[in-house]
Amino acid sequence: MIEKLVLRLQRLFFAHRLATLAALAVFTVVMGAFAARLTMSAGFDKQLPQNHEYVQTFNQYRDVLFGANRIIVTVHAKHGDIWNVKAMTRLYEVTQALFFMPGVDRRTVTSLWTPNTRAVQITEEGMKAEDVVGGDVTVKSLTPEAIAGIRERTVIGGFIGSLVANDSTSAMVVAELADPDPATGKRLDYLDFSKRLEKEVRDKFSDADTQIQIIGFAKQMGDISEGATSVIEFFALAFVLTAIAVYWYTRSLALTFLPLVCSLVSVVWQFGTITLLGFGLDPLAVLVPFLVFAIGVSHGIQQVNYIAKEVINGADGYTAATRSFSGLLVPGTLALITAFVGFATLVLVPIPMIRELAITASVGVAYKIVTNLIMLPVLASYFRFDNAFVERAGRMEGLRNRLMAGLGVHIANPRNAALVVIGCTVLFGVAVWQSQGRHVGHVLPGAPELHNDSRYNRDVEDVVSRFALGLDLLTVVVETPKDGCYRYDTMAYVDRLTWALANVPGVLSAQSLPVMAKLASSGVNEGNPKWAALPREELTLGEAVRQVPEGMRLFNADCTVLPVNLYLADHKASTIKEVVAAVKAWRSAHPMEGVTVRLASGNAGVQAATNEIVEHSELPMMLYVYATILVLVFLVYRDWRAMVACCVPLTLATFLGYWFMKSLDIGLTVATLPVMVLAVGIGVDYAFYIYNRLQMHLAHGEDIVTAFKQALREVGVATVFTAVTLSIGVATWSFSALKFQADMGMLLTFMFMVNMIMAITLLPALAVTIDMLIPRRGPVRAPLMAH
Amino acid sequence: MLERLVSLLKGELKAEGSERGPFERRMIAVAALLLEAMHVDHVDSPAEQQRVRQLLRERFSLRDEAVDELVDIAEQRFSEALDDWEFAEAVRVGFGIAERQEILTMLWEVAYADGQLLQLEDMLLERLAPQLDLPEEASEAARAEAVARAGLMRARRDGQ
Amino acid sequence: MKRNLVAAALLCALAASAGAADAPQPAVPAISARLAARVPITAMSRAGDTLVAVGDYGTVVLSKDNGKSWKQAHSVPVSSLLTAVSFADAEHGWAVGHGGVILKSEDGGENWVLLQRVADEPVLLSVSFVSPEHGFVVGGYGTALQTRDGGASWTKLKVGEGYDADLHFNQILATRDGSLLIAAESGAAFRSRDDGATWTRLQTGATGSLWGGLQLKDGALVLYGMSGRVLLSRDGGNTWKTISSDTEQAFAAAVQSGDGQLVLVGGGGAVAALASGAERLSVNIREDRQNLAAVAVAADGHVLMAGQNGILDAETKKP
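Residue numbers (our numbering), protein chains in the order written: chain X, 1 to 787; chain B, 1 to 160; chain C, 1 to 319.
The set of hints was computed from the structure by calculation and includes no laboratory data.
Covered by chain X, per the in silico footprint, the following chain C stretches (three or more residues, Cβ under 8 Å): (1) 28-38; (2) 75-87; (3) 120-127; (4) 288-302.
Beta carbons are placed, not taken as given, at the ideal position from N, Cα and C, and that holds for glycine.
Could you put the whole structure together from the sequences, leaning on the hints where they help?
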């Protein structure tokens, strides 16, 4: 039945070749117009799993708490410290620059110069809050005495370590970004913002004495976006390398031109569709089009391989093309379906960025069915192959066949096969063992997407080493009944929670309203330290609470939210996990009526959410993809042996991939989760190509060894070459300025090559060994494919 | 099972074919090669078709229905295969040298069946001869024999 | 009559609700904290050769190596701010704090039991035991208590009259001649020569709060407190002389080191010293401006200080 359908389609497209190509060309032009409008779009919220408990807390209290979308600029005095006119002036200028920068939420700009920076002192007169830099002090009126006063108040206010470096050589300006813009509703363009920062802050204010560091999510995203734009060069390089490789393989310009152009066309369609759907290209997902292009080329190789063989056997261009079309439509579609499924399962991960990636990739792969399985052969039918080509190709063919036949003898030899299976079983055990303890999330400080010696990460190192505050904030939100901050039992509860969490390893410091209220209470009592406790009477407690500056964001207007801000030593998944576990343990051990302890806001809080989702998504994703593959294999071959022979090598390759990840310290993150899933969806292709031919020959009554030798002769070189072209497509990324791109490039190259090796060694070894140990009883059914 | 594994590791086990149909693999292979010789010029003349059937009938002593079935199976297998290597191999291991020479003669007969020898046909048969493990003299002899038979046949036809 | 009844009923209801709002919280034991030595410390004392410091969250930390390293006590049944600690000997000690808590240890400070939660949960600010059975506790709003059975039961003391009755009593100390001295707010100080039965208000000449006092080795009495005030009396408290100092910072604690020097610590990182026989305080302001609240001398003569950020590293005091 399928055969008839295939033949009907073949007749349809080939009878109306020009019409088909014309339609496709028009579509290409239309899509091209949209594709030209494609933009890079980074987003903060995109990377957060929106339905996660912590992210919901984050979203709910966005306006009340410290945001996670901060920008930090530090002014570093290269010689001496900042307590001089020049440095203080610079600090003022930077503060102003940031204040007026579009996208910055002005209310949140904080530095020594801003009015929300006040030195809270406990004196005999009570709690005294003084502006660190008084409203009457201006840049022009900076005298040594004024600076000394500022310095004094900075120390008293406890800003050494937070707004000023431990050694006073740097001062910090912090601000939060308003994304989306509350006035216009437009999303912030991170690349643009980052460039602005470079131009209007770093370039403008750096000089012989002053160094500027800039860190924060927006800068991180901007640097990543910038690094990602260089991907065009990689694409060009990969394209050229692929072209060279394909030419070497086919020795025909026509046959080189076909797969490359057709894959390129589908990339254009993909970009056009992305723009139509309203997505941009996320810098973390910019590699996907590469990948899809590489998949396209590898399928194109299969087509030209088939065409070449037909031509060598005497067919003309047209006939060869029709045969290639009908011969590969079903297996090709099948292989593309598995890749499609691999991408599509990612839609199940509740992170918008990954969903976007899944959709754009799935779309690209689906388009391949048209461009590589229909357009390519139709286009190929116009080409003529002269005798010179036939001879050339025939000679190469003969050479490759002999090579593969020789290889096949050794691989399919029953004894060798059994040995290979045993060896791979051991390898499997080792791989499983070695891949334990793969870490989730980011281990190194700074931006893991960028190299350690990138500007951004060096800035992070500088800031972290000079300042005492952690850059990683996890906020625990305590929800209380109205006016909770005036009730002793509520405040004492939050106080104990704060202390318990402050003592969790990995927490640098813990801040909350009760802590400040205790200081205020002491202040109300002449600054006596023995009175630094929460008053038990509501009125007195209220008095103490009212002394705490509102800008500290430790309570909201009607006192229903009391956040506990935890500054962490780093943002390693293990650190964050420990803190989260401590919170959960504490809140279940100490329930209080009417009070809810919620996780979690702050950048470490949302990271915890992302880590959790990513960690819990990996296995289900893998299982879905495997399940689909098993079902498809079964439908096509109707033979359990096929399921084993196709899926076991895939599993081994996957675990080898995990081992590889662990060795290279590549963590499981939003950026790397898709990679392993995709690798499985694509890696199974080789197995299809080889097993397809194997099954067919078995159906012809050949013994397993001969059948495998045949299969290898027929598609062996093409399979190896497919892996090579895929690897070329991704290996160029290893030179990327973005570390995660380099990691992904290496990981994918590894996976493609390993999967291919497994397909030509372990797959046949398994097939042979199984047949030897459990001989077949019934006839072998030909695969559900025409050819 | 364990015993089988041990003998497998010792290299004692050999793979077995699984041809289940009414015809031996080698017979199907011969039929497939004949069909290939017939199809290679892209013209399926009745003369060629008849010749193929006649050759199979005589060589393997088959009734007409059996021949039809054999041709069908061979036709299908041939279209599934990417090249003729498996059939050439099956013939090579399945028949002795004398038989193989005879088979090569049959192939030449098919090529000459329509009275013309095209370059494609020539190339095909030149390639098949070594694949069937036949020395050059044997290949030449087979060709000469085929020509002779074709002449005989024509003579017989004309003579009637 | 009916109006009075209604008023009385209303008052009762109000009192009841107020009382309900201030119902005593069940005591939550102190948690084992790795940052125990970094809590705000309010008082430091010696139990034999061991240094004992107390502070927020029911923290009690001990050092058996003269302040080089500190370990948290094994068990403390409260989490409130502890304000004072006093040991009668190497084993028997008492600590008091917010919520009216009085704790006792019988093993040198490792394990503590909650002896009492004084009614109405006053803020207790000082404890002093003259013997393992006989001790005194004072606190805010005129709280003053005495025990003769090691803390099992306590009786109220009446110290001041009228307005004085509600003053915060910041410290109580026993002098070597058997008198009791209380340093209180608003420059008030009280003395009792009959074990606390009766008290006289001393003429200190000060109006700023007095946060504490101690008796020097030579018998002189010292009172210190707000605005950098240090008072000296050589006649048992009848007359007082002001020691001049440069600082306006309040002094929170004082101790006399082995060489006879009086060391005072206070807010804003103020550390002052008065050499024996000297007339003027020499004041040093710490660079970190930390509010200091406690000071003690270790067995080897080192002077240890602690305050809002916990215990400072051991400092050497020249003999």
